[in-house]
Amino acid sequence: MSAPFLPAGDPVAPALRGFARAHAHLVELREDPVHLRARERDPRRVVGLVAGGGSGHEPMHAGFLGRGMLDAVAPGQVFASPHNRQVLHASLAAAGPEGVVHVVKNYTGDRINFGIAAERLRHEGVRVGRVLVDDDLATDDTDSATGRRGTGATVVVEKLLGAAADEGRGLDELTALGNAVAAASRSLAVASRAQTSFHTGEPAFDLAAGELEYGVGIHGERAATTIDRPPLPDLVVRMIDELLTGLPPGPGELLVLVNGMGATTQLELYGIFDQAAAVLEERGLRVAESLVGTYVPALDMAGFSLTLTRLRDGWRTWWRAPARTPAFPVLDDVNEEGR
Amino acid sequence: MSAPFLPAGDPVAPALRGFARAHAHLVELREDPVHLRARERDPRRVVGLVAGGGSGHEPMHAGFLGRGMLDAVAPGQVFASPHNRQVLHASLAAAGPEGVVHVVKNYTGDRINFGIAAERLRHEGVRVGRVLVDDDLATDDTDSATGRRGTGATVVVEKLLGAAADEGRGLDELTALGNAVAAASRSLAVASRAQTSFHTGEPAFDLAAGELEYGVGIHGERAATTIDRPPLPDLVVRMIDELLTGLPPGPGELLVLVNGMGATTQLELYGIFDQAAAVLEERGLRVAESLVGTYVPALDMAGFSLTLTRLRDGWRTWWRAPARTPAFPVLDDVNEEGR
Amino acid sequence: MTATAAPVLRRYAESVAAAHDELTRLDQASGDGDFGDNLRSGLTRVLAELDRPGAELDRPGAAHGFDVAGRVFLDEVGGTSGPLFGLLFTELARALDENPDGGWARGTAAGLAAIQRVGEAEVGDRTLVDALAPAAAELERGTGFAAAARAAAEGARATADLRARRGRASYVGERARGLPDPGAMGVALLFEALAATKDPGFSAGLC
Amino acid sequence: MTATAAPVLRRYAESVAAAHDELTRLDQASGDGDFGDNLRSGLTRVLAELDRPGAELDRPGAAHGFDVAGRVFLDEVGGTSGPLFGLLFTELARALDENPDGGWARGTAAGLAAIQRVGEAEVGDRTLVDALAPAAAELERGTGFAAAARAAAEGARATADLRARRGRASYVGERARGLPDPGAMGVALLFEALAATKDPGFSAGLC
Ligand SMILES: Nc1ncnc2c1ncn2[C@@H]1O[C@H](COP(=O)(O)OP(=O)(O)O)[C@@H](O)[C@H]1O
Ligand SMILES: Nc1ncnc2c1ncn2[C@@H]1O[C@H](COP(=O)(O)OP(=O)(O)O)[C@@H](O)[C@H]1O
Ligand SMILES: [Mg+2]
Ligand SMILES: [Mg+2]
Ligand SMILES: [Mg+2]
Ligand SMILES: [Mg+2]
Numbered sequence: 001m002s003a004p005f006l007p008a009g010d011p012v013a014p015a016l017r018g019f020a021r022a023h024a025h026l027v028e029l030r031e032d033p034v035h036l037r038a039r040e041r042d043p044r045r046v047v048g049l050v051a052g053g054g055s056g057h058e059p060m061h062a063g064f065l066g067r068g069m070l071d072a073v074a075p076g077q078v079f080a081s082p083h084n085r086q087v088l089h090a091s092l093a094a095a096g097p098e099g100v101v102h103v104v105k106n107y108t109g110d111r112i113n114f115g116i117a118a119e120r121l122r123h124e125g126v127r128v129g130r131v132l133v134d135d136d137l138a139t140d141d142t143d144s145a146t147g148r149r150g151t152g153a154t155v156v157v158e159k160l161l162g163a164a165a166d167e168g169r170g171l172d173e174l175t176a177l178g179n180a181v182a183a184a185s186r187s188l189a190v191a192s193r194a195q196t197s198f199h200t201g202e203p204a205f206d207l208a209a210g211e212l213e214y215g216v217g218i219h220g221e222r223a224a225t226t227i228d229r230p231p232l233p234d235l236v237v238r239m240i241d242e243l244l245t246g247l248p249p250g251p252g253e254l255l256v257l258v259n260g261m262g263a264t265t266q267l268e269l270y271g272i273f274d275q276a277a278a279v280l281e282e283r284g285l286r287v288a289e290s291l292v293g294t295y296v297p298a299l300d301m302a303g304f305s306l307t308l309t310r311l312r313d314g315w316r317t318w319w320r321a322p323a324r325t326p327a328f329p330v331l332d333d334v335n336e337e338g339r
Numbered sequence: 001m002s003a004p005f006l007p008a009g010d011p012v013a014p015a016l017r018g019f020a021r022a023h024a025h026l027v028e029l030r031e032d033p034v035h036l037r038a039r040e041r042d043p044r045r046v047v048g049l050v051a052g053g054g055s056g057h058e059p060m061h062a063g064f065l066g067r068g069m070l071d072a073v074a075p076g077q078v079f080a081s082p083h084n085r086q087v088l089h090a091s092l093a094a095a096g097p098e099g100v101v102h103v104v105k106n107y108t109g110d111r112i113n114f115g116i117a118a119e120r121l122r123h124e125g126v127r128v129g130r131v132l133v134d135d136d137l138a139t140d141d142t143d144s145a146t147g148r149r150g151t152g153a154t155v156v157v158e159k160l161l162g163a164a165a166d167e168g169r170g171l172d173e174l175t176a177l178g179n180a181v182a183a184a185s186r187s188l189a190v191a192s193r194a195q196t197s198f199h200t201g202e203p204a205f206d207l208a209a210g211e212l213e214y215g216v217g218i219h220g221e222r223a224a225t226t227i228d229r230p231p232l233p234d235l236v237v238r239m240i241d242e243l244l245t246g247l248p249p250g251p252g253e254l255l256v257l258v259n260g261m262g263a264t265t266q267l268e269l270y271g272i273f274d275q276a277a278a279v280l281e282e283r284g285l286r287v288a289e290s291l292v293g294t295y296v297p298a299l300d301m302a303g304f305s306l307t308l309t310r311l312r313d314g315w316r317t318w319w320r321a322p323a324r325t326p327a328f329p330v331l332d333d334v335n336e337e338g339r
Numbered sequence: 001m002t003a004t005a006a007p008v009l010r011r012y013a014e015s016v017a018a019a020h021d022e023l024t025r026l027d028q029a030s031g032d033g034d035f036g037d038n039l040r041s042g043l044t045r046v047l048a049e050l051d052r053p054g055a056e057l058d059r060p061g062a063a064h065g066f067d068v069a070g071r072v073f074l075d076e077v078g079g080t081s082g083p084l085f086g087l088l089f090t091e092l093a094r095a096l097d098e099n100p101d102g103g104w105a106r107g108t109a110a111g112l113a114a115i116q117r118v119g120e121a122e123v124g125d126r127t128l129v130d131a132l133a134p135a136a137a138e139l140e141r142g143t144g145f146a147a148a149a150r151a152a153a154e155g156a157r158a159t160a161d162l163r164a165r166r167g168r169a170s171y172v173g174e175r176a177r178g179l180p181d182p183g184a185m186g187v188a189l190l191f192e193a194l195a196a197t198k199d200p201g202f203s204a205g206l207c
Numbered sequence: 001m002t003a004t005a006a007p008v009l010r011r012y013a014e015s016v017a018a019a020h021d022e023l024t025r026l027d028q029a030s031g032d033g034d035f036g037d038n039l040r041s042g043l044t045r046v047l048a049e050l051d052r053p054g055a056e057l058d059r060p061g062a063a064h065g066f067d068v069a070g071r072v073f074l075d076e077v078g079g080t081s082g083p084l085f086g087l088l089f090t091e092l093a094r095a096l097d098e099n100p101d102g103g104w105a106r107g108t109a110a111g112l113a114a115i116q117r118v119g120e121a122e123v124g125d126r127t128l129v130d131a132l133a134p135a136a137a138e139l140e141r142g143t144g145f146a147a148a149a150r151a152a153a154e155g156a157r158a159t160a161d162l163r164a165r166r167g168r169a170s171y172v173g174e175r176a177r178g179l180p181d182p183g184a185m186g187v188a189l190l191f192e193a194l195a196a197t198k199d200p201g202f203s204a205g206l207c
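Protein chains in written order, with the numbering used here: chain A, 1 to 339; chain B, 1 to 339; chain C, 1 to 207; chain D, 1 to 207.
Think of the hints as simulated: they come from the structure by calculation, not from any bench.
Idealized CB from N, CA, C, for every residue including glycine.
Check the hints yourself; a few may be wrong.
Stated by the list, open to error - Far from chain B, some chain A residues (derived; all Cβ distances over 12 Å):
hint, residue
1, R21
2, A22
3, H57
4, T139
5, D141
6, T196
7, E202
8, D206
9, P249
10, T264
11, Q266
12, L269
13, M301
14, D313
15, A323
16, P329
Said to hold, decoys possible - If the Cβ cut is set under 7 Å, some of the chain C residues that face chain B in the computed set are:
hint, residue
17, R71
18, D75
19, P83
20, Q116
21, G119
22, L162
Stated by the list, open to error - From chain A, some residues computed to sit far from chain D (all C-beta separations above 12 Å):
hint, residue
23, A20
24, R30
25, Q77
26, A80
27, L88
28, P97
29, A118
30, T146
31, G147
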């Protein structure tokens, strides 16, 4: 028994076809090897922005293709890194006169495949910068060489980089900016039900009613700890306080991302945001910007993640700069813009 | 045991607070009685657009508040009609010189509460038009006085009405347009897992693995029929063919909405869209416009609905007209717009 | 025929309190079980307003009480029935204000019309309209409060044989048959209270 | 020291085919079990291209075969190891092209550097680097193909005592200890094939 509404065989190819068809005015799907390209691009942009990774986390990344965000995306199979050749071709499609920046979530497969593509691009004379997103506090273990996983902060990185790239900034500046955003961000995720395994149609792991995976990842691996589900306010306080401890010191203006893991309702996510904002303000911090919704899910997992980013000068403007993509919402201010 | 990430007690109030905070540039939350208002409005608009209904279907309706769509919204408790006083105050906040149009999904509670608000508004000298959305083919039973339920087509109605209202059209014209869009639309929904009951934390009804509720509603009521889940292609063919039989005759240009019921992934939804578009084209129809995503869910139900709308002259332009709301995506064409 | 609103509402509140459990049971059988609560709590709020010191003086006359009840039921009472009763009370207030004597017939008819405009129920759909319509017809003919009350009670009782075509009860199909519609019983109790206000010995034999 | 690529690749393909089940078993213990498939299918495709009529003529010389293998493994072979082998083959092709004699040492060193740049593994992390680095060191010192092959085999066998710090195996922690790393065994087989191409009697005693 497979997942209820996925076709037998390859679930990614038909979804990409449907996606490209539904958003034909914004994106283009290219085959052999599979990658997607934004149709529109700010003429000031001199560096192409390329992201990619396993599928099953939609709308990330392809939903952020378009003016103000990404130029090309290399989608892998479900939870599997894209092939280096996909990254290579996505990069060639995206490269500006100053080259490309790769936004890479910190997973071995992604690092290696983007790394190989970068080697090949350099052989072809294309400059490559790498932004490594590694925000997941649950994997902040000094013992491991693999480092923290990349999760929700990817959206923040992609948005800020996109806006900065639209101002014509160069490769090194963008690479530094992306890595600075990742460094200023930490995330933590919990789940009350595993995602449906694409292969079996059953939950990928079992959780008893009232249990919570604390510090869960986005690829169906279990968290290091399973806890009894605390009342929501206590849970949010605990997560926020751990995030504030893990977050490097910096400005007290925060961007807060409340991200759904797949099956979590907007009723839940906005309620969690209300709670999180209250806790942060009690701690003397300012919630300057926010994003609430299902942006980096793990298929249909029930749960949510919180991401905090300490905002440096100028980042708010980039966050609110208009983006014309399939999935990023309207954030620019009416009164400032007066479109 | 309650739903995992909803606060005990009233789940709607905190979510509304969080929503209004996250989208403060677009919407305003007002208390006593609770309703929401769009901050921005096309100056040409002479009729206010008001919608409302039970909560648990987010982003509908509050996610469609803003320039190009709705002016005010009255949210009820989970799956419960808003109180007539909420509708009254939402309408007073939205009314233009020519009055308000109510977008009402066809449920007894909504009809009655919007109806009472309309009586009260007329007593106060405000003109009211009613658009009744009743697109759900599964309840197309000539025996029942209640008629078809209102589901996915609501999004289509709200988008087209919004764009038409922005052209300064009057009350009667908008009312007629909204009802014409509803009449030209039919929907059908299936579910492989019920939503989590807000009260018990358990699925609202049981479905065995491999079973499918066929013709399910958005309030947790079971469908009239439970079937063995067919392979996805067969399921889509069956749904499309029933929709085409139920849809009144008209133009062969269609708008297709593939809507997630809550826990369904974008991988699934875009794959379904790809399939549906292929079947429709085989039947000689043209998929001129589309929308794919979770727009009218039933909390976290696993399933999807298909909505077909036969597009009349001018409707495509209204569909693509820019909307600045929390949830409606970018549809306008780059090349036409050149923003 | 004349009667002022406040004593009718007080008597109505008493009989609804007495019938609360029975009304709850009826709504459990055909709906979601909140009808007794909705009606009782609405009337409690109305009486609290009427008993506020000085309230009687605010606006004396036949209508007083129904305007309060109209506002309370429209604004604060939940369920499908709450605001429908609110419409009825509002129309009674308006009619009694204009004509303290003939207002009952006019107000009941206008209330029925508003309820049907809004709720779209016909006689026979197994709703409170099945009690309200016969009461309105008797008052129209001028046969008196007792006749109206008996007609409402008869209409309410007869809903036991009907299959619901409106409201939540329409979803349970045949299951509710055999028991009367709670909303119709609630309306019948109102007209019984009206008749008993004139003639304290009157009973329509409802609960 | 000179050897052309094609015979080495043919011999390598044979020994990988023979070792397929063992390589699969090793990757099942520490990873996802696809390593044997990935390597064998890559080499099969390479040979198919080399055996295409006229292929031998396209680009004769010491490097030929490795350029094909580099492209095939970079472009078409899955898993973490596929493209890493691709980097090694590409660097071998480049070096042998420049210098058919000294190219083996230079190419292996450059392949190791590229693999470490991309994969970020150090010696001791329980990866194919643990076989490749000692082989590169022997070739650098000029001790010959057999010495390099023995060093690679020794490095691969020694991974059995290591806890993985890179790759999928790092997730299973201690569980994989006792068995060698499949990728390292795959690299050792390559250098064994190289030595055996010069000296058909050679064996590093791997599988
Ligand atoms: N469309 C309608 N028109 C008139 N009365 C109705 C209608 N729908 C329901 N009712 C009345 O409402 C009563 C139930 O009221 P209540 O329990 O408050 O509503 P709910 O079903 O929302 O809980 C029913 O017994 C019926 O008499
Ligand atoms: N970071 C790395 N650097 C070098 N080699 C690595 C690295 N990660 C894994 N490997 C090698 O890859 C081998 C597994 O290859 P393969 O099965 O194709 O990969 P996957 O884990 O993606 O299925 C491991 O045995 C190891 O030798
Ligand atoms: Mg009820
Ligand atoms: Mg109720
Ligand atoms: Mg493997
Ligand atoms: Mg693998």
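Hint check results:
1. Non-interface status of R21(A) relative to chain B is broken: a Cβ of that chain comes within 12 Å, the nearest being about 6 Å off.
2. Not every C-beta of chain B lies more than 12 Å from that of A22(A), the closest at about 5 Å, which undercuts listing it as non-interface.
3. At roughly 9 Å from the closest C-beta of chain B, the C-beta of H57(A) falls inside 12 Å, breaking its exclusion from the interface.
4. Under the 12 Å C-beta cut-off, the non-interface status given to T139(A) relative to chain B holds; the minimum distance is some 22 Å.
5. The claim that D141(A) lies off the interface holds: its Cβ sits roughly 27 Å from the closest Cβ of chain B, which is beyond the 12 Å cut-off.
6. Against chain B, the non-interface label of T196(A) is violated: not every CB pair exceeds 12 Å, the least being about 8 Å.
7. The Cβ of E202(A) does not lie farther than 12 Å from every Cβ of chain B; its closest approach is about 8 Å, which violates its non-interface assignment.
8. The claim that D206(A) lies off the interface holds: its Cβ sits roughly 15 Å from the closest Cβ of chain B, which is beyond the 12 Å cut-off.
9. Residue placement check: P249(A) keeps its beta carbon more than 12 Å from all beta carbons of chain B (closest about 26 Å).
10. Here T264(A) does not stay apart from chain B, with its beta-carbon only about 6 Å from theirs, under the 12 Å limit.
11. Not every CB of chain B is more than 12 Å from the CB of Q266(A) (nearest about 4 Å), against its label as outside the interface.
12. Remark: the non-interface label on L269(A) conflicts with the geometry, its nearest Cβ contact in chain B lying 8 Å away (cut-off 12 Å).
13. A Cβ of chain B approaches the Cβ of M301(A) within 12 Å, the least distance being about 9 Å, so the stated non-interface status is violated.
14. At roughly 21 Å, the least C-beta separation between D313(A) and chain B is larger than 12 Å, which holds for a residue marked as non-interface.
15. Residue-level check failed: A323(A) sits 8 Å from the nearest beta carbon of chain B, not beyond 12 Å.
16. With a least beta-carbon separation of about 6 Å from chain B, P329(A) fails to lie farther than 12 Å from that chain, contradicting its non-interface assignment.
17. Hint status for R71(C) relative to chain B: violated, with the closest Cβ pair at about 10 Å, above 7 Å.
18. Against a cut-off of 7 Å between C-beta atoms, the interface hint on D75(C) holds, since the closest Cβ of chain B lies about 5 Å away.
19. Of the supplied interface hints, the one on P83(C) holds, with its beta-carbon coming within about 5 Å of a beta-carbon of chain B, less than 7 Å.
20. Hint status for Q116(C): violated, given a least beta-carbon distance of 10 Å to chain B, over 7 Å.
21. For G119(C), the shortest C-beta to C-beta distance to chain B is roughly 6 Å, which falls under 7 Å, so the interface hint holds.
22. Evaluation of the L162(C) hint against chain B yields a violated restraint, the C-beta minimum of about 12 Å exceeding 7 Å.
23. A cut-off of 12 Å between C-beta atoms confirms that A20(A) is not in contact with chain D; the least separation is 23 Å.
24. The non-interface label for R30(A) is consistent with chain D: the shortest C-beta to C-beta separation is roughly 16 Å, beyond 12 Å.
25. Distance check on Q77(A): its Cβ comes as close as 9 Å (rounded) to a Cβ of chain D, failing to clear the 12 Å threshold; non-interface status is violated.
26. At roughly 9 Å from the closest C-beta of chain D, the C-beta of A80(A) falls inside 12 Å, breaking its exclusion from the interface.
27. Look at L88(A): its CB is around 9 Å from the nearest CB on chain D, not clear of 12 Å, so calling it non-interface is violated.
28. Its beta-carbon lying about 25 Å from the closest one in chain D, P97(A) satisfies the requirement of being farther than 12 Å from that chain.
29. Not every CB of chain D lies more than 12 Å from the CB of A118(A), the least distance being 8 Å, so the non-interface label is violated.
30. For T146(A), the non-interface assignment is contradicted: its Cβ lies about 6 Å from the closest Cβ of chain D, within the 12 Å cut-off.
31. Not every Cβ of chain D is farther than 12 Å from the Cβ of G147(A); the closest lies at roughly 10 Å, contradicting the non-interface assignment.
Hints 1, 2, 3, 6, 7, 10, 11, 12, 13, 15, 16, 17, 20, 22, 25, 26, 27, 29, 30 and 31 from the earlier list are contradicted by this structure; the remaining hints agree with it.
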